[in-house]
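K.L.:
So you can see what is in the structure, the chains are spelled out below.
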Amino acid sequence: MEVISIIVLFVSFFTLLLLKVPVAYSIGIATTLSLLLNIDKLPGLTTIAQRMTTGIDSFALLAIPFFILAGDIMKRGGIANRLINFAKSLVSSLPGGLAYVNILASMLFGAISGSALAAASAIGSIMTDRMEEEGYPRTLSASVNITASTTGLLIPPSNILIVYALASGGTASVAALFIAGYLPGILLGFAIMGYVAFIAISKGYPKGKRATFFEIWTFFRKAFFSLLLLVIVVGGIVAGIFTATEASVIAVLYAAILSLAYGDMKIKDFKGVLLSSAKTTAVVMFLICTSMAMSWLFSFEGIPEMISSFLLESLNNKFAIFLAINVILLIIGTFMDMTPAVLIFTPIFLPVVTALGMDPVHFGIVIVLNLCIGICTPPVGTLLFVGSGVAKVSVTQVIKPLLPFLAIMLVVLMLISFIPEISMFLPRLFGL
Amino acid sequence: MTRSELIFNKVSRILEWIMIVIFALLVLDVLFQVFSRYLLGTSFTWTEEFARFALIWMTILGAAYLNGKKEHLSMDFLYQKFSKANQKKASILIEVLIFLFALIVMVIGGLNLVYTTLHLEQLSGTLRIPLGYVYAIMPFSGFLIMCFSVYHISNIYNNKKENQS
Amino acid sequence: EETSNKVLYLGHTLPQSHPVHKGILEFQKALEAKSKGTLKVKIFPDAQLGSEREVLELLQIGSVAATKVSAATLSNFVPEYHILGIPYLFRDKQHQFDVLEGDVGKSILEKGSKFWLRGLCYYDAGSRSFYTSEKAIRTPEDLKGLKIRVMNNQMAINMVNSMGGSATPLAYGELYTAIQQGVVDGAENNPPSFVSSNHYEISKYYTLDQHSSVPDVLLIGTKFWNKLSDQEKIWVQEAADESAQAQKKFWNDSVEESMRVAKAAGVEIIIPEKSLFAEKSKSVVEDFVKEFPEMAPIVTQIKNN
Ligand code: NA
Ligand code: NA
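Chains as they are written, first to last, in our numbering: chain P, 25 to 456; chain E, 8 to 172; chain U, 13 to 317.
So that you can see chain P by itself, here it is in the shape it has in the complex (with noise of 0.2 Å):
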């Protein structure tokens, strides 16, 4: 690899990405220019145009939009409405308690969808408001949202998973990525709570009354449907009645089975869900498509061994190791969206920390939790983005009372490091 093509492709990137051309052509751009550099013109751009294409040839990858479709079909169909009220029944009488409903309703909602931005704009722009009519700066509320959006990612279904089963090469499996996620997300769930506690009884936030027995069984009744789909989806595929990609398009027939029968949705409405999800679908997936041109790029100049060599070679501490990849993956995620970083940088890391006997699962659920405070940072923030924008207040505003909420993370994220047990106790015990 010379090093020119390496500084074509950086330059090139940033300057796209700064003049705002979206971020799938300033990948697939700057992969052109460098590529352009190393191999002839005519197979150069024939072979990007076919890593596009067959970069996203995979049955594992219609997980997706499956989980996209089932998502937006429980946002339409009043799930997030039933989610919220079963949380409130449980800890709105805790100090600061329409805090923690924002987060259990967040991590309730990540436990039956596959994304974040999903959880993140289904209760954050319901609860912002609520939240406010109670004293909380909208600001507070949408740093709350934001973070514990990205326990959904984490606990299963997450798409994020999956697209790092594919990066993997198949060396960890959905299955045990899935259960792997359930603890690290709790965690990460209930370290935002107690940041949360801390802040309410510093500032005096109200706490509500406390739910009877009889109305958390009500809320609970009317949101056992929803919640039942978390044990269909994860279960089948435990209990080996279908693969990750069957178990997605299961969800996606049982959301719609249950917004036509909550009188949510009429057949006619899933004319405008299935556009709504394609177009979503579209952004995500076109977003593969280029990072995989760049992934092989970088495999085709050989910077995967390079990268390898030089962290094993010059660091020989496997601790000094785990803690320089997590820097160079914190300093990636400011800057790129979380799945084109997982595509991209999997290869290139996984190898070296298998060499050093982390599992392969173990690092997923690293990687994953490093780049969720990536799409919480800015410049290329988009959970920021989307986060700050149903709550109704500018990114900048953010910022400061962001910053304690991703230390927060920032903690939880060195325990999952360096504590394998907390991702790979549940998998070992149901032997994935």
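Check each hint, because a few of them may be wrong.
To be verified - Taking lysine to aspartate or glutamate and the EDC-like style, the derived pairs with C-alpha atoms no more than 16 Å apart in a straight line are:
(1) K239(U) <-> D64(P)
(2) K41(U) <-> D253(U)
(3) K235(U) <-> D64(P)
To be verified - Covered, in the sense of this in silico footprint (three residues per stretch, anywhere, with C-beta under 8 Å from a C-beta of chain U), are these stretches of chain E:
(4) 51 to 59
(5) 125 to 136
It should be emphasised that the hints constitute simulated quantities derived from the structure, not laboratory data. All C-beta atoms in this analysis are idealised placements derived from N, C-alpha and C, irrespective of residue type, glycine included.
Following the hints, complete the assembly by docking chains E and U with the ligands onto the known chain P.
P.N.:
Quick look at chains E and U with the ligands alone, frame taken from chain P:
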């Protein structure tokens, strides 16, 4: 409404319908795969390949559609700080860059890919259809993206003229 | 034409511990020695450059010079390779390599040039056999109702169905979990892959019915080949032939080692009456000859070799 706006809306509407139909077929196809295995006890060999190819078509056609609607994910933190005039210049530059990528990679690279796979008669594993047909979505969408970019550039340019007069 | 420094990019999908990768290393060593370092080989294992099908396309496109794929994948590009997937085509390993290294095998390698994929040599990829997680396969009757994962390839699907099983095409990456969770009852592969995929950990039985012996093929894209001088072409062919001979030994060692590992893990090795399985699969050959009548003489020629 101008003639080009009418055409643009018509094309967008058609693309929307194609995406909806492909997505609905995808759902039915994979549901059929699960149920045939459990209820009929057989696996049909074509369901997986059909799903993979349909996903490719939906994604790359969808990417063209998103270009028309300017709904791709992009970062505007620096762009916001530009003056109105510079924003206009940047918008034209963005469309030119997208136009060039679509032309060079998607149309020229894509056509060579289609030509190579059709000329060399590669067939898919189970449906036995020429792979070139699957890849054809790449130059086709590339062409649509080029048209959309021209349409956007002419809109920006016309706006500028109206403001001046 | 002058000889000059050239780098041959070679991508394949196997891990570096695999006996076929070791064969490719021999090719690299031999070629660099013959050319005194003017022809270098850069190997990309572990599907770094893409799946078998994708890298074959890159050879045709001209961005990658060489690859190693299974003859099964190759058959979607060069139809003659379908022949090598016929169940029970060869009587034994001796017969197989007499055919592959003889006129028939060479003519099939040559057929690829029309599709810009020139075959250089065959590598031994052994014989594929069934393995199952719960139910033992001792006769073809035991296959009834069992869901067996196969490659997404019509001949493999027809073969398992003709023997009474229920062929289930599934991505290789999903297979470990699918067996473990009972989505499928078993799969089929050669001993080194049975072990390197860790499927032996979750399979109780390995039935050595040896239903097909699909070799691996080392290929070079004609776009790269045509840039070589005559002398360089001779070096490349010689290096390939030498590596093929060395690879057979790597393969045998690996089979022995794999069977030892599987047995030690408690997998029951079943040696069935192969002719019962061969009898059942005859319809596959008949269907094949009907679909590709022009290849019937080659099949007959192989059987009479
Ligand atoms: Na989730
Ligand atoms: Na960021």
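K.L.:
Work down the list of hints and note, for each, if the structure agrees.
P.N.:
Now for the hints, and whether the structure bears them out:
At most 16 Å may separate the alpha-carbon atoms for a hinted pair to count; K239(U) and D64(P) meet this at roughly 14 Å. With a CA separation close to 13 Å, the supplied pair K41(U) and D253(U) stays within the 16 Å bound. Only pairs whose Cα atoms come within 16 Å are accepted, and K235(U) paired with D64(P) is accepted, the gap being roughly 12 Å. By the rule of at least three residues with a Cβ nearer than 8 Å to a Cβ of chain U, the coverage given for the stretch 51 to 59 of chain E holds, with 3 such residues.
Under a criterion of three residues with beta carbons nearer than 8 Å to beta carbons of chain U, the stated coverage of the stretch 125 to 136 of chain E is upheld, 8 such residues being counted.
Hint check: no violations occur; every hint is consistent with the structure.
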